[in-house]
Amino acid sequence: MIYLEVKPEEFKSTCLKLHKELHSPVMMLFVDDERIEQGGYFIYCAFLSFKEQQWSWVKTRLPADNPVFDSIAKEIYSANLFEREIKEMFGLEPLGNPDNRRLRLHDEVWPEGHFPLRKDFSGANAGGRVGEYSAGQVFGEGIFEVPVGPVHAGIIGPGHFCFSVAGEPIIKLSTRFGFTHRGIEKLLENKLPDEGVALAERVSGDSSLAQAQAFCRAIENISKLIVPERALYLRAIFLELERMYNHISSIGGMAIDVGFSFPAALCSIIKEALQALNDRLVGSRFLKGAVAIGGCRDIKEGDKKLIIDSLAIIMADFSEVRKMLLTSVSFMDRVDTTGRLSLENAENLGVLGMAGRASGLAVDLRDNIYPYSAAGFKMMVRNEGDVLARLIIRLDEFEESGRLIQELLDKLPKGETMSQPGKYSQGSGLGAVEGARGPVLYWARLNNEGRIVRCKIVDPSFRNWTGLSLAVLENIVPDFPVCNKSFDLSYAGNDL
Amino acid sequence: MTMLSHILKNRLKKGLVTRPIASQEIDSLGQELNRTINKIFKRSLHIREVDTGSCGACESEIIAATNPIYDLQRFGISFVASPRHADALLVTGPVSKNMVLALKKTYEAMPEPKFVITLGDCALDGGVFKGSYYVENGVSSVLPVSLHIPGCPPTPLEIIKRLLAFL
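Line order of the protein sequences matches chains A and B. The first sequence: position 200 = 195 (our numbering), numbered continuously. The second sequence: position 147 = 225 (our numbering), numbered continuously.
Isolated chain A, as found in the complex:
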């Protein structure tokens, strides 16, 4: 962890330099309101050198009476959404960023001049202004718009998509999110860390384990809590179980979105088997309550055998799914070369996680990290960047997760699964976990009473939705569902 505290006027140049040297997108960019303690706002920007898994932070203090900073979004596009977020949540102006639309606090329902993440925010009366949200229009002969959402046809989260099409091909896709915004970062303020776990688990329900684990890591890093060996192994096992049920759900979704229902049904049987296994292991189909600050739940006597026996059945079904999908000519025709995201675009947008790996971006937070290193973790990377590549990444990662679980169970150390309870110390820290979609990042700061003062959450969906917007270009509208499912991003995680 490298921290660089710079003057406000050096903020931009330092960020640009790190971005260039580390080949890293903006991993996190956020503000912490320390006007009471330090008389100003602090702005943090994080980069990650992927090979060494080394984090570099740029930090600067903005005076309370003139809280503006130089936008870096024109040079580093992956900073754009973060800057818009800072502007709407704190009212700090990113000088030079041309996009000043709000992300989550929709103009129609939220009045001007109320910034929820400021410490002196005391609520806003309902209001807002009547007006059309500008999605950026495409003009020309024969071009028309297809608006979809926020309420969709399926059983899925809400989001608004506006396709500009010329005939069938998509020329532009504008997205608008925020429909599931619940204000979780604000809700976490003043909470004790142990109370925060339940909220973290509900940021995005299908990655509740990764979310809770990243949150716990942040708190453990601040308080220098040592997590016992056995808990590290079990956490990794739980994380892989979560990845497996998510991946198989997305694989089934891709099959159903091109009308191939039999493998989709088999996928839902596998998902059910995995969730039933989760339920038997920790009493929650979504692994809620599995991790706690300082460790995790232990598994019972005989659970080792239960996991191995369940995985044997799951893997047998899975190999049938794999065979069925990859040998079906009509299915392959729909996914091969569809929805391509180039490596260049993925890098510029800051797309990470499995979607990035399908476009040749070899980044995985599990790489070289204990206990994964002890289990011989193998990163899956492909270069095509299309729906098929994302499908194969999911298939390969599903198999690898199954293998990792067996390997970790084999090597599972004996002992405690919770650290000695200690006091939470003052300070800040980061928790980073590779969830099923990509890196789940939590940065937290605790005060001298051990309460949360600020917690910044970045779900991988927040960075990857823009990847979908580019991947669908020049594809036909009927292929949008399968493109969307190949990314399978979370609305709730994006909207927080």
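Incorrect hints may appear among the rest.
[What the hints assert, rightly or not] Derived CB-CB ranges, DEER-like:
no.: 1; chain 1: A; residue 1: GLY278; chain 2: B; residue 2: ASP149; range: 19 to 29 Å
no.: 2; chain 1: A; residue 1: GLU296; chain 2: B; residue 2: ALA243; range: 53 to 63 Å
no.: 3; chain 1: B; residue 1: ALA243; chain 2: A; residue 2: PRO408; range: 39 to 49 Å
no.: 4; chain 1: A; residue 1: LYS300; chain 2: B; residue 2: GLN151; range: 45 to 55 Å
[Claimed, not checked] Here are the simulated DSS-like cross-link-like pairs (lysine-lysine), alpha carbons at most 25 Å apart as the crow flies:
no.: 5; chain 1: A; residue 1: LYS409; chain 2: A; residue 2: LYS318
no.: 6; chain 1: A; residue 1: LYS114; chain 2: A; residue 2: LYS186
no.: 7; chain 1: A; residue 1: LYS181; chain 2: B; residue 2: LYS117
no.: 8; chain 1: B; residue 1: LYS208; chain 2: A; residue 2: LYS114
no.: 9; chain 1: A; residue 1: LYS186; chain 2: B; residue 2: LYS92
no.: 10; chain 1: A; residue 1: LYS418; chain 2: A; residue 2: LYS373
no.: 11; chain 1: A; residue 1: LYS300; chain 2: B; residue 2: LYS208
no.: 12; chain 1: B; residue 1: LYS92; chain 2: A; residue 2: LYS318
no.: 13; chain 1: A; residue 1: LYS181; chain 2: B; residue 2: LYS208
no.: 14; chain 1: A; residue 1: LYS318; chain 2: B; residue 2: LYS208
no.: 15; chain 1: A; residue 1: LYS12; chain 2: A; residue 2: LYS54
Worth flagging that the hints you see were computed from the coordinates, not collected in a lab. We put the CB at the ideal spot given by N, CA and C, even for glycine.
Take the given structure of chain A and dock chain B to it, following the hints.
Same frame as chain A, now just chain B:
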């Protein structure tokens, strides 16, 4: 092996996966409305689902209730793509301010007779998100609610039992 024989082989090997749900498992809830629905909807219920800010776990479990193991459709309940085809609105989430209008419009688009079911703890009163600056603390502050299915999230079996008790 050709695709079709592959599917056939798998189908036979796998056999029937659907789990029987015994009638004694189903509690009798909401007797009053039960009769109305029986009379009006003739034991066939079409549901439109709306997410107003759930974390996605409820959606996952509703979808699971339609998988081959739970097979909700065998009880005459199905999920439809449009509110125009729906008898009931199934709402999850604590109602984010951004979803109030969309939720109302979806309800208005439904033909009469219609009713609202809420699913998940946060749809009841906001749950863990209660008191946030951006949620309406539950669906009942926006629409009249006839049935609530508790849980965070409720399991597929629980969802089916509660719905059947209602029919």
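Evaluated hints:
no., hint, verdict
1, A:GLY278 with B:ASP149: 19 to 29 Å, "holds, 25 Å"
2, A:GLU296 with B:ALA243: 53 to 63 Å, "violated, 37 Å"
3, B:ALA243 with A:PRO408: 39 to 49 Å, "holds, 47 Å"
4, A:LYS300 with B:GLN151: 45 to 55 Å, "violated, 35 Å"
5, A:LYS409 with A:LYS318, "violated, 39 Å"
6, A:LYS114 with A:LYS186, "holds, 14 Å"
7, A:LYS181 with B:LYS117, "violated, 47 Å"
8, B:LYS208 with A:LYS114, "holds, 19 Å"
9, A:LYS186 with B:LYS92, "violated, 49 Å"
10, A:LYS418 with A:LYS373, "violated, 37 Å"
11, A:LYS300 with B:LYS208, "violated, 41 Å"
12, B:LYS92 with A:LYS318, "holds, 16 Å"
13, A:LYS181 with B:LYS208, "holds, 12 Å"
14, A:LYS318 with B:LYS208, "violated, 47 Å"
15, A:LYS12 with A:LYS54, "holds, 14 Å"
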